[in-house]
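Trainee: What follows is the residue order along each chain.
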Amino acid sequence: MKKGFITFILIIIFLIIYLLQSNLFSWFNLAGVKPNLFIIFIFIIGLFSGESRGITLGIILGISLDFFIGKSIGISGIMLGIIGFLGGYLDKNFSKDSRFTMIIMIIISTCLYEVGSYLFNYIVNNANIELSMFLKILVIENFFNIMITIILYPIIIKLGYKLEKTFKENKILTRYF
Amino acid sequence: MNRKRNDAIGVIITIIILVLLVFLSNLQIEKISYIENAFSKIVMPIQSGLTYIKNKFQGNNEYFANLDNLKQENNELKQRNSELEEQLRQLEMIESENKTLKEYLNLSEQYKQYTTIPAYIINKDTSNYSKIFVINVGSKNGIEKNMIVIAAEGLVGHVISVTDNTAKIQTIIDSSNVVSATIENSGDHVICRGMIENRKLKATYVSTTTTLIQGEKIYSSGMGGIYPKGIYIGTIKEIVDTKNITDRYFIVETAVDFENLETVLVIKN
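Chains as they are written, first to last, in our numbering: chain V, 1 to 177; chain E, 178 to 446.
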């Protein structure tokens with residue numbers, strides 16, 4: 001019951017992010033480059049609620065994103081799935097209670113997502129993006145994502161522990177003792 | 178034990194990714210457009226609403242300006258209007274004259290041969306690697322795949338998928354979009370590829386004998402089957418000479434400003 005409710009709220013947040021990303025950031029951008037809130041969102045789901053949930057939500061939300069706006073189905077599905085897995089994986093090695101480690105984890109996942117979607121776009125859509133342009137996008141997008149993480153950190157932590165409480169309640173004791 | 182398990186997970190994930198890759202490279206987006214339809218029905222009303230609100234706000238900036246000024250302006254405009262109407266009548270006469278003269282010369286106007294459907298852009302791409310727009314007309318209005326989209330200034334792109342009420346346009350500045358074009362003066366063909374940057378195309382395969390001049394106009398050439406001949410694309414902005422003359426390229430500045438584009442026309446073929 002509670003799990004279903006939380007999942008519903010996550011989907012609502014996803015839709016809000018989608019609308020922000022396509023409306024607000026089309027004019028609120030740095031040198032024509034938008035941030036990517038989906039990476040942060042899916043990464044946090046993976047980080048706080050575990051690998052399997054991260055992968056499933058990543059793939060489902062990514063594929064729906066492809067249906068909303070995308071040239072071919074599957075690229076963001078696969079990439080967000082990988083980000084969800086990465087979130088669950090890094091949970092074992094990094095602490096979540098410091099802003100600094102959070103920033104490092106966001107940088108890792110943003111870079112992975114960008115490089116992956118660059119390669120997929122190259123293979124599937126025959127997109128020819130110049131390397132200088134790609135690096136420019138990578139750097140600015142990372143910067144933008146970091147700023148957003150720093151600003152939203154208190155909300156992220158609050159939401160994250162709510163997720164952890166709902167989805168991982170049984171495992172918490174065995175993990176720490 | 179743990180290591181083994183991790184390895185197994187790695188292998189499984191690699192296999193899944195490869196299978197998905199094969200699957201999606203064979204998948205054609207138009208064959209599953211009914212799913213897309215369902216998705217677009219969820220988001221479409223919200224998007225239309227937001228766009229409506231945005232346009233409303235942008236239009237109403239000066240609504241509450243000084244009323245006295247408005248009255249004065251109104252009088253002036255009425256006067257001007259009557260003047261303009263007179264001019265219009267004269268122009269109509271000139272136009273009809275012009276028309277008959279043109280018919281004599283066998284000149285047909287470029288864009289008048291196409292019938293067009295006007296549309297609003299209701300959504301823009303969320304990722305940085307592609308420049309895709311969604312417009313508010315779909316198969317109910319007679320839009321089909323591969324139709325050409327233009328704006329008042331020039332070429333915008335083509336339709337890549339259609340649902341009942343919306344259509345996706347791939348713009349010419351998208352990284353996977355290629356237009357075959359001709360240079361106005363020399364008539365030589367070049368290939369223009371999108372650079373994802375606003376108002377920039379990279380034109381390659383320039384003939385070694387062509388002389389390029391900055392500011393020359395570029396039109397679509399009609400080769401390749403999607404874009405018809407003679408639609409204005411833009412002007413030559415920058416010519417880049419490399420060590421080997423066969424590699425040289427130039428940057429085209431598109432006539433359309435894609436950041437601030439709001440209305441487009443879809444050409445019905």
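Hints in this document: simulated from the structure, not taken from any laboratory.
Every residue, glycine too, gets a C-beta built ideally from N, C-alpha and C.
Errors might be hidden in some of the hints.
[Claimed, not checked] One side of the interface only, derived from the structure: several residues of chain V facing chain E at Cβ under 7 Å:
1. N23
2. S26
3. N29
4. L30
5. V33
6. N121
7. N125
8. A127
9. L131
10. I137
[To be verified] The calculated DSSO-like cross-link candidates involving lysine-lysine, where the alpha carbons are at most 30 Å apart (straight line), are:
11. E:K181 / V:K96
12. E:K181 / V:K168
13. V:K2 / E:K218
14. V:K3 / E:K414
15. E:K218 / V:K136
Trainee: To test your reading of the hints: which numbers does this structure violate?
Mentor: Result: hints 3, 4, 9, 14 and 15 break, sorted rising.
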